[in-house]
Structures are given as C-alpha cells and as structure tokens.
Amino acid sequence: MKIVVTAQGQDLDAMVDPRFGRCQYFLFIDTDSLSCEAQANPGREAGGGAGIQAAQSVVDRGVEAVVTGFMGPNASRVLQASGVKVYGNAAGTVRGALEKLREGKLTLLSGPSVREHFGLQNP
Amino acid sequence: MIIAVAGVKGGAGKTLVATSLAITMGNCRFLDCDVEEPNGHIYLRATRRKRERVAITVPKAKDWLRADLLPAARFCPYHALAVANGSLLVFKELCTGCGGCFMVAPPHSLAAEEHVVGAVWTGDGRGGIEVVTGELVVGSGRAVRVIRAVKGKAKGDRHAVIDCPPGITRPVFEAVRESDRCLLVTEDSPFGLEDLRAGLDGLRLTGARLGVVINRARGPAEGIRTLCAERGVPVLLELPFSREIAEASAGGRPCVDVSPRWADAFSALRERIGADAR
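Sequence lines, in order, name chains A and B. Heads up, our numbering is the position in the first sequence plus 254, with the first residue counted as 1. Heads up, our numbering is the position in the second sequence plus 21, with the first residue counted as 1.
Hints listed in this document are in silico derivations from the structure and should not be mistaken for laboratory results. C-beta: ideal position from N, C-alpha, C; glycine also. One or more hints might be untrue.
[Said to hold, decoys possible] Computed, partial: chain A to chain B, Cβ under 10 Å:
no.	residue
1	P272
2	A292
3	Q293
4	A294
5	G297
6	V313
7	S336
8	G358
[As the list claims (entries may be wrong)] Calculated cross-link-like contacts (lysine to any residue; reagent style SDA-like; alpha-carbon spacing at most 25 Å):
no.	chain 1	residue 1	chain 2	residue 2
9	A	K256	A	G301
10	B	K81	B	M22
11	A	K256	B	D84
12	A	K339	B	D84
13	B	K81	A	R331
14	B	K113	A	P296
15	B	K81	A	R349
16	B	K83	A	K256
17	B	K176	B	F262
18	A	K339	B	V111
19	B	K113	A	V338
20	B	K81	A	K354
21	B	K113	A	Q334
22	B	K81	B	N60
23	B	K113	A	E291
24	B	K176	B	W142
25	B	K81	A	A335
26	B	K113	A	K354
27	B	K113	B	D145
28	B	K113	A	R331
29	A	K256	B	L91
30	B	K113	A	S311
31	B	K81	A	V338
32	A	K256	B	K176
33	A	K339	B	A229
34	A	K354	A	A300
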C-alpha cells in the first residue's frame with residue numbers, strides 16, 4: 255500500500271510530525287517494501303490555506319492513506335473528497351507509526367480532529 | 022477635505038476624536054472604516070436608512086464539463102481551491118475574489134458566485150452628518166473590500182471624516198489612502214509612544230499630511246512631543262486623562278458634549294486642520 259506519513263525528518267527513523275498542513279516533510283512510503291521518499295511540505299510556509307495546499311500535493315501523488323498526528327478541517331475536506339484514508343494520533347518514530355498502522359492501533363479519522371490554525375499555534 | 026483618524030494602539034481614542042471632530046465640522050460625512058467593530062454611529066446618534074451588501078466573486082465549478090481545473094487550483098495564491106477526484110473544492114473564506122482562477126481555468130469552465138463579506142449602512146446623524154458604516158462579517162478576512170465600499174460613498178460635495186481601524190495593517194492603508202490629512206491618535210504611555218513611532222513611519226507613506234492628537238495626557242508628554250518634533254509632525258490637540266471624558270465615552274456621549282472647554286478644543290483642532298464649514 256502506498257501511504258504518506260508526516261515527519262520531522264527525511265527517513266523512517268524521523269519523528270512523526272503531529273501537524274498535517276504545516277508538517278516539515280511528507281514521507282511517501284510503500285508499506286510492503288518500506289521504500290521511502292521524502293518531500294518537503296509545500297504548505298509549510300503558506301500564509302494561509304496550508305492544509306489545502308498540503309493535501310492537494312498529497313492527493314496528486316495518488317496515495318491510499320495519510321498517517322499523521324492531527325488533521326484540520328480544510329485538509330480533511332480535501333482528503334475525504336479524494337477518498338484518501340486518514341489515520342490520526344500517530345506519534346514517536348515513523349517506523350513505530352508504521353508498526354502501529356499494521357497492528358490496527360491508529361485511529362481512522364472520518365473528519366477533522368483539530369480546529370483550523372492548530373499547526374500555527376503549535377509549532 | 023478628507024480627514025482620516027488613525028492610530029496604532031487600540032483604545033487610544035480614535036473614535037472619540039473622529040466623532041467629536043465630525044460634530045464640530047457639521048454637515049460632513051462620517052465614514053466608519055473600523056469595520057470589525059464600527060461604533061461611531063452610537064456617538065453620532067445615527068439612524069440607519071439603507072443597507073447594501075458587500076460581496077466578492079468566488080468561482081464555482083461546472084462539474085459536468087469535466088474541465089481540468091488543477092492548474093487553476095495550483096495558481097490560487099491563497100490556496101482557496103483544491104481538486105479532489107476531478108471535482109473542484111472552493112474554500113470561500115480563503116478566496117479574496119482576485120479573479121485569477123477565471124483567467125487560468127479553461128474558458129467558461131467556472132461559474133461566478135457571490136460571497137457576502139460585509140455590509141455598508143448609510144444613515145443620518147446629528148448636525149446633518151451623513152453616517153456611512155462598514156460592517157465586516159464576523160470571521161471574514163476581507164476588511165479591505167468593505168472599507169473600499171464605504172469609501173466609495175465619499176463624494177466631493179462634503180468634507181469627510183474617516184474612522185480607521187487600529188494598527189498599521191493593510192486595511193488601515195486602505196482607510197487612509199487618498200486622504201488629505203491623517204490624524205494619529207495616541208495615548209500618553211510607553212505603549213502609545215512606541216505605537217506612534219510605528220504609525221508615523223508607516224502612514225507617512227500615504228502622502229496624507231500627518232498630525233498627532235495626544236489623549237489621556239498625564240503630564241507634559243515629553244516623549245511624544247520629542248518624537249513629533251523629530252519627525253516634523255505637529256501636535257494638533259491634547260486631551261487630558263479625565264474621568265468625565267471617559268465616563269461620557271463609556272456612555273456613548275461624544276467628548277464635545279462633556280463641557281464647552283472640549284467643544285472649544287475641537288473647534289481649535291478644526292481650524293488648525295483648515296477644514297472650514299461648508
């Protein structure tokens with residue numbers, strides 16, 4: 255399965271970035287081969303609409319699922335409309351989050367888990 | 022003559038000065054551009070005659086066309102658009118109504134929709150003052166649009182007094198632009214001094230002739246006077262720290278009604294500005 259994890263670094267040993275729209279990196283990961291490609295989040299420095307820009311960049315890569323800490327309302331709307339599954343409450347290393355995903359211990363979100371501007375207020 | 026009353030520090034007395042100056046001038050137009058919390062109409066005892074909506078044009082997809090709108094979404098500098106599963110998502114609260122997406126999208130692939138961001142009230146206040154009040158929809162970021170609509174009501178037939186929002190942000194420049202005079206109201210405090218410094222340096226760029234009003238003066242206000250002398254900006258009026266003025270303001274009464282002393286002070290201000298009665 256092709257997924258994306260929000261991360262503070264560029265490899266599987268990096269910590270999960272709890273913010274979605276303003277995370278530092280997106281790690282595009284194939285959960286079978288554990289191949290990993292890092293991409294800087296284009297929404298990180300956005301003046302506004304960071305979640306929308308970030309979500310669009312993820313959707314354009316054609317992933318099946320997003321693993322992150324928290325998800326705001328605008329990013330959630332884009333991802334839901336695109337049919338991308340969102341798993342929240344991830345923490346610790348990316349490798350650990352993948353393990354929890356495999357064990358079914360991450361929360362499948364059906365909507366936003368935080369209010370707008372969460373990522374700005376929790377840098 | 023158009024006189025903008027601005028000031029960086031909130032609660033320094035912009036509305037107090039703007040309303041009392043308008044009453045002193047009489048038969049003028051009062052443009053309340055403090056659109057997040059307009060309250061000048063209270064001091065001017067204005068009726069509300071007419072309400073007009075202020076709206077921006079936002080895009081709406083014609084989904085049946087299956088047009089490629091991804092370039093338009095990528096273009097949007099405000100990230101107000103996204104394309105999900107071939108459908109356009111519009112985040113109206115982020116859209117500024119710039120119209121860029123209509124130019125980038127394939128011809129006729131977007132419909133135009135109105136998105137209301139505020140309203141402009143027109144009414145009559147005491148002393149023949151026409152009161153124009155801008156109201157921004159709570160939570161909207163389109164203050165500049167509402168301010169522009171308010172200023173569109175100013176015509177050359179009367180003097181105008183503009184009550185500006187606090188700060189030196191983009192909406193303040195919209196409120197002050199094309200004014201002949203800009204009064205900066207400051208309070209006699211360290212905060213007031215620093216904010217005045219920022220205000221003088223910023224609003225100088227508008228080209229309006231600047232003047233300073235010191236409010237709540239507790240002494241000689243030396244710091245403010247030194248700053249004004251350095252910048253070559255005159256202090257046009259000084260109001261003391263006064264319980265009776267504060268009580269009147271809290272009760273919705275303008276400063277000029279408190280005592281003849283303040284009515285005279287505002288008459289002197291009007292003369293210094295050079296806005297003769299019309």
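Would you check the hint for K113 (chain B) and Q334 (chain A), treating anything up to 25 Å between C-alpha atoms as holding? 18 Å, holds
Straight-line Cα separation of K81 (chain B) and M22 (chain B) no greater than 25 Å? 42 Å, violated
With a cut-off of 10 Å on the beta carbons, see whether G297 (chain A) makes it to chain B. Constraint on G297 (chain A) satisfied, holds at 7 Å.
Restraint status (C-alpha distance of K113 (chain B) to V338 (chain A) at most 25 Å): 23 Å, holds
Assess, step by step, whether the Cα of K81 (chain B) is no farther than 25 Å from the Cα of R331 (chain A), and give holds or violated. Holds. K81 (chain B) to R331 (chain A) sits at ~16 Å (cutoff 25 Å).
Between K81 (chain B) and K354 (chain A), is the straight-line Cα distance small enough, at 25 Å or below? 41 Å, violated
Under the criterion that the straight-line Cα-Cα distance not exceed 25 Å, is the pair K339 (chain A), V111 (chain B) satisfied? 21 Å, holds
Between K113 (chain B) and R331 (chain A), does the CA-CA distance stay at or below 25 Å? Distance ~13 Å between K113 (chain B) and R331 (chain A) Cα, so the pair holds.
Taking the least C-beta to C-beta distance, is A292 (chain A) closer than 10 Å to chain B? For A292 (chain A), the interface hint is violated, since the closest Cβ of chain B sits about 21 Å away, which is over 10 Å.
Straight-line Cα separation of K256 (chain A) and L91 (chain B) no greater than 25 Å? Satisfied, since the Cα-Cα distance of roughly 22 Å is no more than 25 Å.
Hint A294 (chain A) vs chain B: min CB-CB distance below 10 Å? Constraint on A294 (chain A) not satisfied, violated at 16 Å.
Hint consistency between K113 (chain B) and D145 (chain B) [alpha-carbon to alpha-carbon, up to 25 Å]: Given pair K113 (chain B), D145 (chain B) is violated - Cα atoms ~34 Å apart, limit 25 Å.
The structure does not agree with the numbered hints 1, 2, 3, 4, 8, 9, 10, 11, 15, 16, 17, 20, 22, 23, 26, 27, 32, 33, 34 stated previously, though it agrees with the rest.
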